[in-house]
Amino acid sequence: AQTVTQSQPEMSVQEAETVTLSCTYDTSESDYYLFWYKQPPSRQMILVIRQEAYKQQNATENRFSVNFQKAAKSFSLKISDSQLGDAAMYFCAYRSERAGGFKTIFGAGTRLFVKA
Amino acid sequence: KAGVTQTPRYLIKTRGQQVTLSCSPISGHRSVSWYQQTPGQGLQFLFEYFSETQRNKGNFPGRFSGRQFSNSRSEMNVSTLELGDSALYLCASSLKGAFLAKNIQYFGAGTRLSVL
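Top line first, the protein sequences correspond to chains A and B. Using the numbering used here, you'd call the opening residue of the first sequence number 1 and step up by one each time. Using the numbering used here, you'd call the opening residue of the second sequence number 117 and step up by one each time.
One chain only, chain A, in its complex shape (with noise of 0.2 Å):
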C-alpha cells in the first residue's frame, strides 16, 4: 500500500527567508502525481503545487518549488522569501489512478509559523 511520511509536525521560518517541508512516499506504482496542499485556519484546502511523477523537471510556482526525487521517492517543499501568508498546515498527497477510479493519500501534515 502506498504511504506518504511527513517528517516534520511543525517548521518555523522567518519572515523573508526560505524554508523546505519534507515529504517521502513509499509506492510501487510508476505513473503517479504528486501535490502540497496548504489548510490555513480557515481551513479551506488548497493547492499550491503538483508534480507529475514521468516528468523529471522540478515543478514551480511563483515562491514555491519542489525538489522531486524519484529514486529516493521524495518530494520536497521549498518556499521562498516567506511571507506571513504562507502559515498554514500543508500536507503532501499522492494520487494514483487504481480499478478505474482515484484515491489520494495525504500526509499528516507540517504546521509552519512565519515570524515576523
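Hints in this document: simulated from the structure, not taken from any laboratory. Do not take every clue at face value.
Said to hold, decoys possible - Now the stretches of chain A that chain B is said to cover, found in silico as 3 or more residues with beta-carbon under 8 Å:
{"id": "1", "segment": "46-55"}
{"id": "2", "segment": "102-116"}
Claimed, not checked - Pairs of lysine to any residue residues, derived as SDA-like cross-links and limited to a Cα-Cα distance of at most 25 Å, are as follows:
{"id": "3", "chain 1": "A", "residue 1": "Lys73", "chain 2": "A", "residue 2": "Arg111"}
{"id": "4", "chain 1": "A", "residue 1": "Lys103", "chain 2": "B", "residue 2": "Arg146"}
{"id": "5", "chain 1": "A", "residue 1": "Lys103", "chain 2": "B", "residue 2": "Gly158"}
{"id": "6", "chain 1": "B", "residue 1": "Lys173", "chain 2": "A", "residue 2": "Thr3"}
{"id": "7", "chain 1": "B", "residue 1": "Lys173", "chain 2": "A", "residue 2": "Glu29"}
{"id": "8", "chain 1": "A", "residue 1": "Lys103", "chain 2": "B", "residue 2": "Ala225"}
{"id": "9", "chain 1": "A", "residue 1": "Lys103", "chain 2": "B", "residue 2": "Gln157"}
{"id": "10", "chain 1": "A", "residue 1": "Lys103", "chain 2": "B", "residue 2": "Asn172"}
{"id": "11", "chain 1": "B", "residue 1": "Lys173", "chain 2": "A", "residue 2": "Glu52"}
{"id": "12", "chain 1": "B", "residue 1": "Lys173", "chain 2": "A", "residue 2": "Ser30"}
{"id": "13", "chain 1": "B", "residue 1": "Lys173", "chain 2": "A", "residue 2": "Glu97"}
{"id": "14", "chain 1": "B", "residue 1": "Lys173", "chain 2": "A", "residue 2": "Gln44"}
{"id": "15", "chain 1": "A", "residue 1": "Lys103", "chain 2": "B", "residue 2": "Tyr222"}
{"id": "16", "chain 1": "B", "residue 1": "Lys173", "chain 2": "A", "residue 2": "Ile46"}
{"id": "17", "chain 1": "A", "residue 1": "Lys103", "chain 2": "B", "residue 2": "Arg228"}
{"id": "18", "chain 1": "A", "residue 1": "Lys103", "chain 2": "B", "residue 2": "Asn187"}
For each residue, glycine too, the CB sits at the ideal point set by N, CA and C.
Dock chain B against the given chain A, drawing on the hints supplied.
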C-alpha cells in the same frame, strides 16, 4: 465560478443518530471525493464518485456511505454515529475523473461534525 460548497458547516449529533452531509461541486466537475480529517488520523480518503458511480473506497466501515446525483452533487451518510466519528469532513471535486489523476482537486470548507 462558485467553489465547492459543503453544507452544513457545523453539525452536532448524539451517539446512535445518523447524519447526512452535502457537497455541491464546482459547475462542470463530475468527480467528487470525500475525506475525513481528525487530529489523530489526519486526512483519510472515504470514497470517490464519478458520474453517479462509486469508483473507489477507503477503509471505513459500512456505516459510511455516499451517493452522487445526476447533477454531480454528492451526499455522504453516516449511520449509528460513534464518538470517534467526530471530525472535519471535506469534499473535493475535480473536472474529470477517468484516466486523468493529475486533475486538480478543489476542496470545500468542510463540515465539522461533533458527536456527543
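Does the structure keep lysine 103 of chain A and asparagine 172 of chain B at a Cα separation of 25 Å or less?
Between lysine 103 of chain A and asparagine 172 of chain B the Cα gap is close to 7 Å, so the pair holds against 25 Å.
Holds or violated: lysine 103 of chain A with glycine 158 of chain B, Cα cutoff 25 Å?
Holds, at roughly 15 Å.
Is the Cα-Cα distance between lysine 103 of chain A and arginine 146 of chain B 25 Å or less?
holds (15 Å)
Starting from lysine 173 of chain B, check that the Cα of glutamate 97 of chain A is at most 25 Å away, please.
holds (12 Å)
Given the proposed pairing of lysine 103 of chain A with alanine 225 of chain B, does the C-alpha separation stay at or below 25 Å?
Distance of about 20 Å is within 25 Å: holds.
Is the Cα-Cα distance between lysine 173 of chain B and threonine 3 of chain A 25 Å or less?
Judged against 25 Å, a Cα distance of about 16 Å means the pair holds.
Assess, step by step, whether the Cα of lysine 103 of chain A is no farther than 25 Å from the Cα of glutamine 157 of chain B, and give holds or violated.
holds (17 Å)
Pairwise hint evaluation, glutamate 29 of chain A against lysine 173 of chain B, where the allowed Cα distance is 25 Å at most
Given that 25 Å is the threshold and the Cα spacing comes to 19 Å, the pair holds.
Has the given pair, lysine 173 of chain B with glutamine 44 of chain A, been kept, meaning a C-alpha gap of at most 25 Å?
holds (23 Å)
Given hint arginine 228 of chain B paired with lysine 103 of chain A - CA-CA distance at most 25 Å
holds (22 Å)
If you look at each residue in the segment 102-116 of chain A, do at least three have a Cβ nearer than 8 Å to any Cβ of chain B?
Answer holds; 8 residues pass the 8 Å Cβ test.
Taking 25 Å as the top limit, are the C-alpha atoms of lysine 103 of chain A and asparagine 187 of chain B close enough?
holds (22 Å)
Checked against the numbered hints given earlier, this structure breaks none of them.
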